[in-house]
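Given only the sequences and the hints, what does the whole structure look like? Please build it.
2 protein chains.
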Amino acid sequence: MTDMTTKSTRPGGRSAAVLAAVKAAVEELIAERGRGAITIPMVAERAGVNPTSVYRRWGDLQTMINDIATYRLDPNRPLPNTSDLRRDVELWAEEFVAHYSKPVNAALLRAGAGAAGDVESDCLRNRRVEASLLIERAPESFGLDPEELIDYVIAPIIYRIIFSPWTVDKTTAPRLVSRLFARVPIA
Amino acid sequence: MTDMTTKSTRPGGRSAAVLAAVKAAVEELIAERGRGAITIPMVAERAGVNPTSVYRRWGDLQTMINDIATYRLDPNRPLPNTSDLRRDVELWAEEFVAHYSKPVNAALLRAGAGAAGDVESDCLRNRRVEASLLIERAPESFGLDPEELIDYVIAPIIYRIIFSPWTVDKTTAPRLVSRLFARVPIA
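Protein sequence lines, in the order shown, are assigned to chains A and B.
Numbering (our numbering) for the first sequence: 1 to 187.
Numbering (our numbering) for the second sequence: 1001 to 1187.
Any given hint could be a false lead.
Unchecked claim - Not everything, but these chain A residues come out facing chain B in the computed CB check (under 10 Å):
#1 G112
#2 A113
#3 R125
#4 S141
#5 G143
#6 E147
#7 I154
#8 P156
#9 I158
#10 D169
#11 R175
Read the hints as simulated data drawn from the structure, not as lab findings.
Predicted model, so just to flag it, every value in this text is computed and none were measured.
Backbone N, C-alpha and C define an ideal beta-carbon position, used for all residues, glycine too.
Below you can see the structure in the form of structure tokens.
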């Protein structure tokens, strides 16, 4: 086992390399064995890093998995911007469904849910920021509140992905978005 | 440490006594120390049962917590029955919010979410059965589908309890139910 923390010479690169290697190792191991069978020594071995690097950075397995789970949907990715709020929300919801339809991402979401509660989870904070952005920049916002996008669209997707992923398919996002806009008085 | 499995003489009582003691121990320990700090030996000691009884019944910690988490909302409790579907759904949702507003129940829900995914979780199955019952026996069902009760009412409550419990309060259930019925054409 080599320790990747000794390989990089870029300032800040050591830490980024450890993160990338550990993230890849966790995803592989969850896909192969499921969340319940993973340990920190196992992750460290697969990532080729020293277990102490992992313990130093994250403290414990649950914190590590939660941290990695919230990395998965890049908060800096471009959001849909079609000048049509309904279409933007639909594309946004479809991206969500596609993302969490991959079993490894669903497993990471469940792990994140298991570790959530004490502080605001990125899963909710980032989605709320995105919902606000979509509404703010739309030419017509129909008086929608970001919290409505969370309750009508995001919550049902996340709830179903966690507890019954087989009830989520390509029809899910359009159905939820059409319910949201059914309540909107057409201008 | 005494083994409670030796105390009961009722047929079936041994197993029920172990379950009750373990359930109480898990709830106490989660309330005291949080989900992350619990181990099976710790639970067994608090419950006054032999760790092997716990391993024999549940196999591992995650399975045990998931099993206990789904016990918490009694599937045999009476459901609201006011002959007014909107009022019934509101009472049902309020019971949910009150239940999961207790930190120990929220912690058990998160633990259940962490262990969900492979088979249908009781958390979703029981709620869907209840939603169907409420609609079936209402004098006027407004053409509502049980899945709509899940998406409009249950999913936002569960999502928020898991990821941001401090956004849930006494206004949550009435707000979600009023959105559901806002979409219903009044007969």
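Q) Would the hint on D169/A stand, with a C-beta cut-off of 10 Å toward chain B? A) violated, 13 Å
Q | Minimum beta-carbon distance criterion (10 Å), R175/A to chain B | A | holds, 9 Å
**Q.** Interface hint status, I158/A versus chain B (Cβ within 10 Å)
**A.** holds, 5 Å
Q: Against chain B, run the beta carbon of S141/A and see if the smallest gap drops under 10 Å.
A: This hint is violated: S141/A lies away from chain B, its Cβ roughly 18 Å from the closest one there, beyond 10 Å.
**Q.** Restraint outcome when E147/A is required to lie within 10 Å of chain B by C-beta distance
**A.** Because about 8 Å separates E147/A from the closest Cβ in chain B, which is inside the 10 Å limit, the hint holds.
Q.
The hint names G143/A as touching chain B; please verify it with the least Cβ-Cβ distance against 10 Å.
A. violated, 14 Å
Q | Minimum beta-carbon distance criterion (10 Å), G112/A to chain B | A | Hint holds; G112/A Cβ to chain B Cβ min 8 Å, cut 10 Å.
Q: Answer holds if the nearest beta-carbon of chain B is closer than 10 Å to that of I154/A; otherwise answer violated.
A: holds, 7 Å
Q.
Given a cut of 10 Å on the nearest C-beta pair, is the interface hint for P156/A held or broken against chain B?
A. holds, 4 Å
Q) Does A113/A meet its interface restraint, that is, does its C-beta lie within less than 10 Å of any C-beta in chain B? A) holds, 4 Å
Q) With 10 Å as the cut and Cβ atoms as the points, is R125/A at the interface with chain B? A) Holds, about 8 Å.
Checked against the numbered hints given earlier, the structure breaks hints 4, 5, 10 and satisfies all the rest.
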